[in-house]
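Participant: Listed in order, the protein sequences are those of chains F and L. So for the first sequence, the numbering used here puts the first residue at 1; every next one is plus one. So for the second sequence, the numbering used here puts the first residue at 1; every next one is plus one.
In short, the hints are calculated from the structure, not lab data. Bear in mind that the values here come from a model prediction, so they are computed numbers and not experimental data. Check before you lean on any hint, since a few could be wrong.
What the hints assert, rightly or not - Pairs of lysine to aspartate or glutamate, EDC-like flavour, derived with a Cα cap of 20 Å:
| no. | chain 1 | residue 1 | chain 2 | residue 2 |
| --- | --- | --- | --- | --- |
| 1 | F | Lys228 | L | Asp23 |
| 2 | L | Lys26 | F | Asp289 |
| 3 | L | Lys89 | F | Glu200 |
| 4 | L | Lys26 | F | Asp263 |
| 5 | L | Lys99 | F | Glu229 |
| 6 | L | Lys129 | F | Glu135 |
| 7 | L | Lys113 | F | Glu200 |
| 8 | L | Lys129 | F | Glu104 |
| 9 | L | Lys129 | F | Asp120 |
| 10 | L | Lys89 | F | Glu196 |
| 11 | L | Lys113 | F | Asp289 |
| 12 | L | Lys4 | F | Glu259 |
| 13 | F | Lys320 | L | Asp19 |
| 14 | L | Lys138 | F | Glu190 |
| 15 | L | Lys89 | F | Glu190 |
| 16 | L | Lys4 | F | Glu135 |
| 17 | L | Lys4 | F | Asp185 |
| 18 | F | Lys228 | L | Glu53 |
| 19 | F | Lys275 | L | Asp151 |
| 20 | L | Lys26 | F | Asp266 |
| 21 | L | Lys15 | F | Glu259 |
| 22 | L | Lys15 | F | Asp263 |
| 23 | F | Lys228 | L | Asp19 |
| 24 | L | Lys129 | F | Asp266 |
| 25 | L | Lys112 | F | Glu200 |
| 26 | L | Lys129 | F | Glu200 |
| 27 | F | Lys275 | L | Asp23 |
| 28 | L | Lys113 | F | Glu202 |
| 29 | L | Lys112 | F | Glu196 |
| 30 | L | Lys112 | F | Glu202 |
| 31 | F | Lys143 | F | Asp120 |
The chain contents come next:
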Amino acid sequence: MSTAQDSGVQTSGPNNFGYNDYVLGSFKFNRDEFFAHVSWPTGSHSISIDNFLRALQRDCAWDFFYGTVNFDHVVGTINHYGTVDLFAGRFNEAYRKAELDHSENFQTPKIRATFHSMLDNWTNSTFDPFASPAETQAPWGVKSGSNTDAVTRRRVAAARMVGVKGDEQIRTDATGHPINRMFADVPQGEPQVFAEPGFEGEIAAFNLFAYLSRSNVTWNPSVVSVCKESLYCPTTEEYILPIVHGNDRVEWFIQLSDEIVWDVADRETGAPRAKVTMRAGDCAAMPADIRHQGFSSKRSMLLVWENNSADLPGLIASGKAPQYPVSF
Amino acid sequence: MAYKTVFGSLDNFTKGRIDIINDDPKHYVFSNLFEVAKKSKPWEKVAVGINQEYVLEAIRAEGQSGWYSCDHDETVICMDGDIEINFVKLDNPVAAPGKSGSVSINGEPVGKKMGRVVLQQGHQALLPKGSAYCFTAKKTGVLLQQTILGDLTKQRWSQICLS
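Input sequences plus hints: build the corresponding full structure.
Facilitator: Put into structure tokens, the structure is as follows:
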């Protein structure tokens with residue numbers, strides 16, 4: 001095992017399957033043709049490599065997101081916004097009772113560098129972890145090239161709104177964003193904008209539905225508009241959310257098109273609490289004490305609405321702010 | 001295979017549901033913005049989402065609205081209909097510094113014309129800080145506004161949400 005001096009990533013040279021092994025604290029990671037294997041001082045766990053890479057891709061792209069990113073029922077991360085917990089069994093009631101759970105805290109740059117290196121090294125040239133399974137090839141087999149462009153896509157983050165002068169711009173064929181096969185019927189006309197001289201940077205509008213119809217990734221919220229700490233983070237969803245998201249704040253979903261079914265469970269134990277079926281126009285909160293996973297049979301448009309306030313997780317954890325958005 | 005994308009509208013929406021296993025449906029604050037707009041008066045700003053001080057408001061767009069302003073950026077998405085927005089750069093701000101949410105302007109705004117936008121279903125527009133804006137809907141439609149809880153926000157959770 002060697003250590004890259006600049007990033008602190010502890011990694012081996014290629015194993016028998018051509019992939020690097022990784023060490024992060026007392027966690028060890030290695031992949032073979034079909035699985036990612038994770039071990040820690042009190043146990044070990046294997047995850048199908050397609051599921052693992054799809055989850056790892058989201059954790060990397062979202063920089064550990066809000067709260068908990070459960071790769072599955074055993075392994076995941078908790079974002080403390082400066083440090084990150086890597087855990088095994090932390091949110092699994094049986095592991096907790098058996099005292100087999102394990103968690104370690106890392107400075108964000110250290111775990112970020114390790115995860116990014118692992119994602120790049122373990123992803124072969126024909127697999128895109130962000131794509132719908134219907135739009136990419138399989139990740140199986142020995143190491144075969146890489147797909148760095150796909151796993152390092154830039155995440156859209158508008159400062160005011162997409163389409164505003166100097167901000168994130170709309171998607172077109174020319175920007176490399178063709179219309180997705182499941183959104184071929186979405187009207188592509190842009191709004192009419194008539195700005196008086198001197199106000200070209202203030203008067204702005206864009207076709208959000210067309211913008212989303214040209215997304216080349218799934219389950220990847222990115223910011224299109226901002227009202228102080230209120231962020232619109234729409235995304236297009238197909239098949240299954242590759243992680244189970246554990247909230248550290250209230251999150252809202254506005255279904256813009258088609259249908260998504262959400263399995264909602266207790267954040268701590270994983271015990272099922274509800275199944276929420278959302279159709280176009282539906283608005284629903286995901287409380288701060290749950291975990292959720294979505295299922296979308298047809299590619300759909302979902303507006304994820306976040307409150308980005310850095311104070312919220314602490315206020316909710318201390319009981320100074322409620323777990324639920326409103327009482328009625 | 002040809003796929004059909006299903007959007008909603010005032011006249012055509014199918015609300016989802018919550019199947020409770022072990023929870024209170026009120027925790028999900030579940031409503032449908034088309035259903036809310038169908039039961040609202042024109043230009044009422046009815047909250048369909050709230051996250052601390054931030055809100056999402058469903059607005060029934062019908063005829064011409066009054067003029068509004070705001071001390072922070074807001075946005076609207078046209079969820080149904082064809083809606084024109086006219087903008088004026090106010091000579092003197094109407095919303096007090098630090099004031100949250102939209103405020104009404106009495107009469108016509110005083111300032112330079114900034115321009116206008118014409119939205120159809122799925123289009124999103126910026127309502128820039130310090131401007132005055134007014135909506136016109138030739139056919140009844142629905143707007144979803146991203147803003148902060150203000151004097152004009154109406155909260156009717158028990159009337160609009162699954163329970």
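Participant: Against each hint, give a clear statement of whether it holds in the structure.
Facilitator: Quick rundown of the hints versus the structure:
Using a Cα cut-off of 20 Å, the hinted pair F:Lys228 and L:Asp23 is violated, with the two alpha carbons roughly 32 Å apart. Taking the CA atoms of L:Lys26 and F:Asp289, the gap is near 14 Å; set against the 20 Å cutoff, the hint holds. For the hint pairing L:Lys89 with F:Glu200, the CA-to-CA distance comes to about 13 Å; that is within 20 Å, so the pair holds. Our distance criterion of 20 Å between C-alpha atoms is met by L:Lys26 and F:Asp263, whose separation comes to about 16 Å.
For the given pair, L:Lys99 sits about 15 Å from F:Glu229 by alpha-carbon distance, which is consistent with the 20 Å threshold. For the given pair, L:Lys129 sits about 42 Å from F:Glu135 by alpha-carbon distance, which is inconsistent with the 20 Å threshold. At roughly 12 Å between alpha-carbon atoms, L:Lys113 and F:Glu200 fall within 20 Å of each other, so this suggested pair holds. A C-alpha spacing of about 44 Å is found between L:Lys129 and F:Glu104, which places the hinted pair above 20 Å, so the restraint is violated.
The suggested pairing of L:Lys129 with F:Asp120 is violated, with an alpha-carbon distance near 42 Å, which exceeds 20 Å. In summary, the hint linking L:Lys89 to F:Glu196 is supported, as the alpha carbons are separated by about 11 Å, within the 20 Å threshold. A distance of roughly 48 Å separates the Cα atoms of L:Lys113 and F:Asp289; the hinted pair therefore is violated under the 20 Å criterion. A hinted pair counts as satisfied when its Cα atoms are at most 20 Å apart, and L:Lys4 with F:Glu259 qualifies at roughly 12 Å.
Distance check on the hinted pair: F:Lys320 and L:Asp19 sit about 30 Å apart at the alpha-carbon level, beyond 20 Å; violated. Distance hint between L:Lys138 and F:Glu190 is fulfilled; the C-alpha atoms sit about 19 Å from each other, no more than 20 Å. A threshold of 20 Å between alpha carbons decides the hint, and for L:Lys89 with F:Glu190 the separation of about 24 Å lies outside it, so the pair is violated. Using a Cα cut-off of 20 Å, the hinted pair L:Lys4 and F:Glu135 holds, with the two alpha carbons roughly 18 Å apart.
A hinted pair counts as satisfied when its Cα atoms are at most 20 Å apart, and L:Lys4 with F:Asp185 qualifies at roughly 7 Å. Of the supplied pair hints, the one linking F:Lys228 and L:Glu53 holds, its CA atoms being roughly 11 Å apart against a limit of 20 Å. Distance hint between F:Lys275 and L:Asp151 is unfulfilled; the C-alpha atoms sit about 35 Å from each other, more than 20 Å. The straight-line distance between the Cα atoms of L:Lys26 and F:Asp266 is roughly 16 Å, inside the 20 Å bound, and the hint therefore holds.
Annotation: proposed proximity of L:Lys15 to F:Glu259 holds, straight-line Cα distance about 10 Å (limit 20 Å). Proximity of L:Lys15 to F:Asp263 is assessed by CA-CA distance (about 18 Å); at most 20 Å being required, the pair is judged to hold. Restraint check for F:Lys228 and L:Asp19: the C-alpha separation of about 34 Å exceeds 20 Å, so the hint is violated. For the proposed pair L:Lys129 and F:Asp266, the alpha carbon gap of about 40 Å is over 20 Å, so the pair is violated.
Restraint check for L:Lys112 and F:Glu200: the C-alpha separation of about 14 Å stays at or below 20 Å, so the hint holds. Between L:Lys129 and F:Glu200 the CA atoms are separated by roughly 15 Å; this keeps the pair inside 20 Å, and the hint holds. Taking the CA atoms of F:Lys275 and L:Asp23, the gap is about 10 Å. The hint holds against a cut of 20 Å. The suggested pairing of L:Lys113 with F:Glu202 holds, with an alpha-carbon distance near 12 Å, which does not exceed 20 Å.
A C-alpha spacing of about 9 Å is found between L:Lys112 and F:Glu196, which places the hinted pair at or below 20 Å, so the restraint holds. For the proposed pair L:Lys112 and F:Glu202, the alpha carbon gap of about 13 Å is at most 20 Å, so the pair holds. At roughly 11 Å between alpha-carbon atoms, F:Lys143 and F:Asp120 fall within 20 Å of each other, so this suggested pair holds.
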